[in-house]
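Q: Protein chains in written order, with this note's numbering: chain A, 200 to 655; chain B, 200 to 655.
Take the hints with a grain of salt, since some may be wrong.
One copy or any two copies: either way a pair holds, since identical chains are not told apart in the list.
Here are the simulated EDC-like cross-link-like pairs (lysine to aspartate or glutamate), alpha carbons at most 20 Å apart as the crow flies [said to hold, decoys possible]:
| hint | residue 1 | residue 2 |
| --- | --- | --- |
| 1 | K290 | E261 |
| 2 | K486 | D421 |
| 3 | K625 | D365 |
| 4 | K324 | D272 |
| 5 | K226 | E261 |
| 6 | K604 | E594 |
| 7 | K329 | E630 |
| 8 | K205 | E268 |
| 9 | K205 | E602 |
| 10 | K205 | E634 |
| 11 | K504 | D243 |
| 12 | K205 | D272 |
| 13 | K226 | E289 |
In case anyone wonders, no lab produced these hints; they're calculated from the structure.
Just so it is clear, the structure is predicted and the values come from calculations on it, not from any experiment.
Residues per chain are reported as follows:
Protein chains: 2
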Amino acid sequence: MSQQTKFLLDESQMPRHWYNLQADLPKPLPAVLHPGTLQPVGPDDLAPLFPMELILQEVSQEREIEIPEPVRDVFRLWRPAPLYRAHRLEKALGTPARIYYKYEGVSPAGSHKPNTAVPQAFYNKQAGVKRLVTETGAGQWGTSLSFAGSLFGLEVEVFQVRVSYDQKPYRRAVMETYGARCVASPSNETAFGRSVLAQNPNHPGSLGIAISEAVELAVQRDDTKYALGSVLNHVLLHQTVIGQEAMTQMTMADAWPHVVIGCAGGGSNFAGIAFPFIGHGLRGGEKSRVVAVEPAACPSLTRGKYAYDFGDTAGMTPLTKMHTLGSQFTPPGFHAGGLRYHGMAALVSHCKELGLIEAVAYNQVECFEAGVLFARNEGIVPAPEANHAVKGAIEEALRCKREGKTENILFCLSGHGHFDMAAYQKYFAGELSDESYDERELAQALAGLPSVPETV
Amino acid sequence: MSQQTKFLLDESQMPRHWYNLQADLPKPLPAVLHPGTLQPVGPDDLAPLFPMELILQEVSQEREIEIPEPVRDVFRLWRPAPLYRAHRLEKALGTPARIYYKYEGVSPAGSHKPNTAVPQAFYNKQAGVKRLVTETGAGQWGTSLSFAGSLFGLEVEVFQVRVSYDQKPYRRAVMETYGARCVASPSNETAFGRSVLAQNPNHPGSLGIAISEAVELAVQRDDTKYALGSVLNHVLLHQTVIGQEAMTQMTMADAWPHVVIGCAGGGSNFAGIAFPFIGHGLRGGEKSRVVAVEPAACPSLTRGKYAYDFGDTAGMTPLTKMHTLGSQFTPPGFHAGGLRYHGMAALVSHCKELGLIEAVAYNQVECFEAGVLFARNEGIVPAPEANHAVKGAIEEALRCKREGKTENILFCLSGHGHFDMAAYQKYFAGELSDESYDERELAQALAGLPSVPETV
């Protein structure tokens, strides 16, 4: 077994195709439904929101989809991303397991999000779009789309959840540095935003509301499209560069993973690391256990219902079958903002139903403990979202210790925490708690799920 | 000429030695003097502060000093660092010049500082030291030493300039994440700190005061040594991995630099990129122009006096001949905190006297303008310090445009600005100004330089 610490790929080993898990699934994804007619949506229904290339990727059944050269050219700024063996962490845990992590914090935005922001900007530019509109919670996605927009000459407008807009002015400054325009959501710029503000002028906002505002604007303007940073099939597809590179690197390390771990909010970095390994197993290759780690305060996979639901609060998006806490569910204000979403990507949910993945939920304080242990041993301060994956990997390593097993554990360290030090500061001050959701509110949100006939 | 964007090295191409410019200088460095006797200091005088290996490096005349394997092992977390060609920036400027940048923001601390923090922690650990004490202004150095200390199992105590301690709590949180203890300076933990507070209980602190406090503590405790993040010969030596890698990468790019540029505060990242090229020229190789860019508000190289001065405010350090604004000089509160130091490294100052380098000063607003242009074209948000190097490179590229010259320009992008977004926020809000120092205060500080006989 190699004692190497870092496994680097040559640029020539950067993936040339995205991997589409849909090609290998034993059972196809349930149809996406039009919210009015409850009939499957076709490409034309999505055309006001996305350029046709992305819509075709959304429904494609091809196993491999070529990555355009201008996209790969931007990827070269930080890809291929490194894979590390966490020797020091292993030693600190006293585990016989070997822990590897794929590090996506090397991108200019500090997370995995540019993997999809760049192709989305490219395809929109190619289709003659002038302006992209999107939403952001913690700011990782807004930052990434602003970055990608600046490189392809697109205007970017970001609806930032009001509470983040006020509490995280530095995130806004990054987006503005890339030339984007940020608007606090709920805003007066959309009918839906005005309706929310009419009920509560001090509404703190939510990701679901910000999505509704962005979609409303995109539909109204001819030169404007919408961009989403997670959840959708094409977004998950773009993230598969992570897992494809990791497969090559784990082969270099002679350490095919027994377990593959990712944190899961909307599901995109999890899918990025996991889908290539799942597909490898489905095609008859060596199988890995695959574990999604989610926050206990927003546990769509472990506590949500597998049902048709809206992606946004206003009910403007198509209906998707997914693990959901209900589109009216408001998660408590914990610090892994990227994991505060009521639903889970349809493809990830489908994998859960097919038994291809496991899911586990952890509380925020234990995740920060894990992140600090990681930082002190491996030298990288993880983002609060990534702390969930770190926690998941540590738990697997401790299981290996109890069972005396020398397994290979791989996890995705999706981003660094340099923008999230306020959360660490609170952790050290003992001000972080494990605030959970209200069970009655969850039951209410689940009871309010749209009614879709079983026959669909 | 290559159209490649990124020039990556294999781990086997990571430098095995540090390059010591002292071996190639046509004239030796002036002696460092004991502040009491005005006699040259010997290794024993420095022993209370530093382990002997670092003292020997401080005075070594050997051209190459081997990098210990445990240090290289930690370097592998992020080194070799990438070198990029700034195709998009060139296009935006319409310059025939080719702009290359060596990017040091890929380190876990986000800057070049770990290049010296890691060997300093290693040599101290090897010498049986238990605790390192240091100072930090903006926080880059404190973060880096905390990071290195955590990996080698050393306690780290950081005197953070009061105004930064209060205004940049996130920096403190990073240091604490790595397990370090931060103290606001001036503090009650040292006699000098108490004397400053007695005069002014609300003193905002300065780097010079924080150095005095750290040195005072290090001298008092047997198991404790001091660590400095710039200025000293051994620190500059450690940074030469930057320039050595860049030489290999510029050769790969078939683009030997006509101009090499770095920002200069204490001088370490500048020396890191520049010294290997200067040495190459001194040994008969192709010569490059070398330009140090400093802030107009703290212009030691362009406005300071070349004279013996203290490194700290209390006058506890040895006397070094350098370009200085006077150790009692307080620079205005501009945002490139890493460049707010009254003196310049002796080796850099000596190079300036020997005509081996040029120096230029820019104001902060034009440097932020340059940084934003860079971010929107190259996708990386530079640290405020690094914006000075960006500005220097842009000015050289525009000169090439005027003169119709296809020169190769290389600069060091010493760190990312993810921790400095408050400064960008002020820039966009129009709240940044070009506040200069008070000419009378400068004259007074220069008049107060210690008197050292010419014969020394």
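Q: Take the hints in turn and mark each one as holding or not.
A: Verification of the hints:
1. K290 / E261: neither (43 Å within a copy, 37 Å between copies)
2. K486 / D421: Cα proximity of K486 and D421: none, with 46 Å in one copy and 56 Å across.
3. K625 / D365: both (17 Å within a copy, 15 Å between copies)
4. K324 / D272: within (15 Å within a copy, 43 Å between copies)
5. K226 / E261: within (15 Å within a copy, 68 Å between copies)
6. K604 / E594: within (13 Å within a copy, 59 Å between copies)
7. K329 / E630: neither (44 Å within a copy, 31 Å between copies)
8. K205 / E268: So K205 and E268 pass the 20 Å test across copies only (15 Å; inside, 27 Å).
9. K205 / E602: Classified as neither: same-chain Cα gap 27 Å, cross-chain 45 Å, threshold 20 Å.
10. K205 / E634: Classified as neither; 37 Å inside a copy, 45 Å across copies.
11. K504 / D243: Neither: 29 Å inside a copy, 72 Å across copies.
12. K205 / D272: Between copies only: 10 Å across chains, 23 Å inside a chain, cut-off 20 Å.
13. K226 / E289: neither (38 Å within a copy, 50 Å between copies)
Going down the numbered hints, you'll see the structure goes against 1, 2, 7, 9, 10, 11 and 13, while the others check out.
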